[in-house]
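Taken in order, these protein sequences are the chains called A and B.
Here the first sequence is numbered in this note's numbering, starting from -2 and rising by one per residue.
Here the second sequence is numbered in this note's numbering, starting from 1453 and rising by one per residue.
I should point out that these hints are in silico values taken from the structure, not numbers from a laboratory.
There's no promise every hint is true.
Some chain A residues well away from chain B (every beta-carbon gap over 10 Å; in silico) [to be verified]: (1) D29; (2) R37; (3) S81; (4) W162; (5) E168; (6) P169; (7) V172; (8) W212; (9) I275; (10) A299.
For the chain A half of the interface with chain B, some residues (derived, Cβ under 7 Å), not all of them [as the list claims (entries may be wrong)]: (11) D124; (12) W126; (13) T149; (14) S153; (15) W170; (16) G195; (17) A211.
Not the full set, but computed from the structure, chain A residues with beta-carbon under 7 Å of chain B [unchecked claim]: (18) D75; (19) D214; (20) T296.
As the structure is a prediction and not an experimental result, all values here were calculated from the model.
Note that beta-carbon positions come from the ideal geometry of N, C-alpha and C, so glycine has one too.
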Amino acid sequence: MTDTRLIHQVGAGALEWLWAHREGFRLEPDADPETGFLERFKPVGELALICSVLFREGVAGSRQAELARRLIDHAWRDALDGGSMLVRGQRTEPLSPIPFEVYLPFRELGYSQPEMERAVVLNHRLDSWRAFETSPTRRLALSAFQRRFGLTPRPSEAEALRPTWLARTPEPWTVEGHIAYDITHCVFHLTDWGENPGGLPPGLADYVATWLPAWIDDWLDLERWDLLGELLVVDACLPRPTLDEPAWRAFAAVQRPDGAVPAIRAMPEGDEQEVFDIVYHSTLVAAFASVLATSRALTELARAS
Amino acid sequence: MEQSGTSTRLQAAVQDLASGVVSVLRDGDHTRAVLPAGTAEAGDLALAAVRVLGADAVLPGLLSGATSDPAEVAVFRKAVEAYPPRSDAAPTVRWSHWGMARALRRLDPNSSSGPPDEPDTRWLDDASWQTLTHQLAVLAPLALPGESCAVSRLAARRPVDVARGFVRAVRRRDWRQAAGAGRWLTLLPGVPDTLGLESGLDFVELMGGQDPMVTLQVRAARLTRTGTLV
């Protein structure tokens, strides 16, 4: 079992870096229509999702909770211009699920944008939204988000789960990087990003618990920190997390003094915005893995005492 | 340079020997001798190659139970006797030699020597699943159907760990280790079905099969599994 303090410090450092580099979470209102205005929404949505986990778990400490709240506020007020950028995105591409996906975590934290509300409800009625072609894991995400929004998921989550890679429990030695991300995200959506570990069906939990150590070992060895961080999140979502000590030690050791976590091997060098674009995700994931693992470790301690 | 040349020649001799074993396993002609024949004069290099391959040098005879060519048994005996493990030898070296002594007893019922004493397995008591799998793969010649020893009993207690090691070896493209681990897994109870071992062995052979040391293990695993020769 890894030292809980070490796990906690990774998250605290990551959050300091995210706060210091919050300006990196920005949209490009003048983006070329060919590359798409919605392209840069993803980091903002991820930031909101993970900061909402930080609140929910309540183990991050008062400084971290405050930073998480301020980061979300910054994202809503500045990056999304009080939600009006979501509306603009939705008007640019009415059928795109991206504005909905970004809106949901803000909505769950009490932010509201009436026009987005109407758009989501309308889109949900459309057969076109249901028929929207996308990967099975993202389809599962959309169904889960519809449920969280208060709508009846179309298709149901059980139906959406079936064609995912993980649901078929295939040969574990075939897992490559992109499959590994499908696995981690499938677990995130099934567990509502770690809030509900019971959402992972027992058969899938057994499968993941059996093979996760081999995958963690592999991506630790390859120094793929972004993916390793997601796998550590998955570990924290299991009924019996291992809080893999070698992985956590290496993960903590690669974190820079300012809190940034490189995505692959070492920190890149170059223009600040370029560096941000490369490492914001791995640093967010570090905060996410840290808060969930800390929470699980404390639960285990409470149970043992 | 001299040493490097010797090492290269030994590797080539081991590969040739492994290819010979693979060929016999494939053709099913288990009466055919693999070891260099005529070989009261078998050279040092040939004997060293037999020692490196260990009990797998006589694998066709062990799996089939057929009567072995006395000349072949004589060469094998010579290799067993020529390379006793030193007192400071690594556990895998001691176990590999023990496996050869066991094989010799099977092939030569007239052998006067009693069953060799088993080395201990203390070095694996607290081994991580990674180390365990690596060491078991080195000792793959001990993975024989119907044969029990302290190493095989220890492996049987950790099927999930060996299965994880197989996954790790495939991901690292360490085909020799994957093939050796796969061979053990065909013998172990309690291997998770989701491993997909049979396809996994085919994959290892497809990807690493140009190395006869890999093919040898995969074929041994397959024969163990189907029981063709047993």
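Hints versus structure:
1. D29: holds, 40 Å
2. R37: About 34 Å separates R37(A) from the closest Cβ of chain B, which puts it past 10 Å; holds.
3. S81: Holds, because the least Cβ-Cβ distance between S81(A) and chain B comes to about 47 Å, which exceeds 10 Å.
4. W162: With a cut-off of 10 Å, W162(A) remains clear of chain B, as the shortest Cβ separation is near 13 Å.
5. E168: The assertion about E168(A) is violated, with a minimum of 4 Å to chain B.
6. P169: Violated, because the least Cβ-Cβ distance between P169(A) and chain B comes to about 5 Å, which does not exceed 10 Å.
7. V172: Not fine: 7 Å to the nearest Cβ puts V172(A) too close to chain B.
8. W212: Check fails; 8 Å does not lie beyond 10 Å.
9. I275: Nearest chain B Cβ is 25 Å from I275(A), so the label holds.
10. A299: holds, 29 Å
11. D124: violated, 36 Å
12. W126: Violated, because the Cβ-Cβ distance from W126(A) to chain B comes to roughly 34 Å (cut-off 7 Å).
13. T149: violated, 33 Å
14. S153: Violated, because the Cβ-Cβ distance from S153(A) to chain B comes to roughly 25 Å (cut-off 7 Å).
15. W170: Holds, because the Cβ-Cβ distance from W170(A) to chain B comes to roughly 4 Å (cut-off 7 Å).
16. G195: violated, 21 Å
17. A211: Check passed: Cβ of A211(A) comes within 4 Å of chain B, closer than 7 Å.
18. D75: Not OK, violated: D75(A) not within 7 Å of chain B, min 43 Å.
19. D214: With Cβ-Cβ at 6 Å, under 7 Å, it holds.
20. T296: Violated: closest Cβ of chain B sits about 25 Å from T296(A), beyond 7 Å.
Checked against the numbered hints listed earlier, the structure breaks hints 5, 6, 7, 8, 11, 12, 13, 14, 16, 18 and 20; every other hint is satisfied.
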